[in-house]
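Trainee: So you can see what is in the structure, the chains are spelled out below.
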Amino acid sequence: DQQVKQNSPSLSVQEGRISILNCDYTNSMFDYFLWYKKYPAEGPTFLISISSIKDKNEDGRFTVFLNKSAKHLSLHIVPSQPGDSAVYFCAARSNNNDMRFGAGTRLTVKP
Amino acid sequence: DAGITQSPRHKVTETGTPVTLRCHQTENHRYMYWYRQDPGHGLRLIHYSYGVKDTDKGEVSDGYSVSRSKTEDFLLTLESATSSQTSVYFCAISEVGGGTDTQYFGPGTRLTVL
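Chains as they are written, first to last, in my numbering: chain B, 1 to 111; chain R, 1 to 114.
For the record, the hints were derived by calculation from the structure and aren't laboratory data. Take these hints with a grain of salt, some might be off.
Unchecked claim - Chain B side only, calculated, beta carbon under 7 angstroms to chain R, not exhaustive:
hint	residue
1	43
2	95
3	102
Heads up, the beta-carbon is just placed ideally off N, CA and C, and yes, glycines get one too.
Chain R extracted, bound-state conformation (with noise of 0.2 angstroms):
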């Protein structure tokens, strides 16, 4: 298995507060993506991370920021959680993006926002 970690695995939180989830990667993996998962919706990408300090926008990026620092860590960061943004957060990294890259995924971080 890829040593992807997330933390925390769970999470309840107030509409309104601030909320960072962090990925760790221990595969020296250039790429990194952050995913939710919603039923009836499979994931969808919130953002992505293809270097250090470098990030771009996914699908569904409203609302959510990025940073990665160092090459293991990618962190996502809900300015002020709103209940919309209840859901199953996944982390998931890969080599080289694009092409016949795979990603692989963390186990995931289940986020109540009340």
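If we strip away everything but chain B, and leave its shape as in the complex, we get (with noise of 0.2 angstroms):
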């Protein structure tokens, strides 16, 4: 029972153009949205939040986009840097602190 799911589980963009990296969840009480970055051999970090009362929060390059009603989320890196080569996760959690992860996408940004 995959309540958060990526389907991509890759994708591949060429330096300084855009990456969309995207998410769906099923279970209508999730409401706070977490992005992890994770490089091999290292465990995941945390990049970026949103709250399900907001639809955009921005942090220099990267934006997470929120729509509730199609229970979807997004993460766009611009420009996107050969640094960004990773495996994203999205999570998402409820009010009883129970979060789901979905399975990743591995981003790779070409030179």
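Now that you have both chains on their own, put them together as the hints suggest.
Mentor: Quick look at the structure:
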């Protein structure tokens, strides 16, 4: 029962272009959403988050968009850099601290 | 970076043997978590702790037990390891749990059960 889904296992983008990573969820009780970035042999590192009361949150090159009616969120990276190449996990949490993760999307940014 | 260490970082063991993984934090955070990461599943919560001696089950708790006798240490035990428990295990910590709280992860332990 995967309540958070990242349907694209991989994404390849040219350096300088926009990367768009997508995430869908099924549980309407989720009210806080996070993106984590993971390099090989390291733990996930927190990237950006958004509360359900907002539809957009921006931090430098990273912007997360939330569409509650569609139960969909996306992470935009502009401009993409080779150092952004990593696995990105979407996570969603309800108020009982039950956090669920997607399976991840491997982003490759080509120079 | 949050001060989280995990030991061992790599372990190979045989089916049926007990295994204990340790998570140590220097941030004095109240909440600690154990996750496993498997291809196609992302991270799944095994157990978590909301204080010393206070623990609760997560999504995939069968076959695992935990203990927290000090704020800084959270132990994950596989009483009798099985091949299905071959995985990468991550510890995480957070200050308050829930709400807009953020979890910070350790470097992981790669466990192979033969």
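Trainee: Take the hints in turn and mark each one as holding or not.
Mentor: Here's how the hints hold up against the structure:
1. Using the Cβ-Cβ criterion of 7 angstroms, the hint placing residue 43 of chain B at the interface with chain R is satisfied: the shortest such distance is roughly 4 angstroms.
2. For the restraint placing residue 95 of chain B at the interface with chain R, the shortest Cβ-Cβ distance is roughly 6 angstroms, inside the 7 angstroms limit, so the hint holds.
3. The interface hint given for residue 102 of chain B holds, since its Cβ lies 5 angstroms from the closest Cβ of chain R, which is under the 7 angstroms cut-off.
Hint compliance for this structure: every hint is met.
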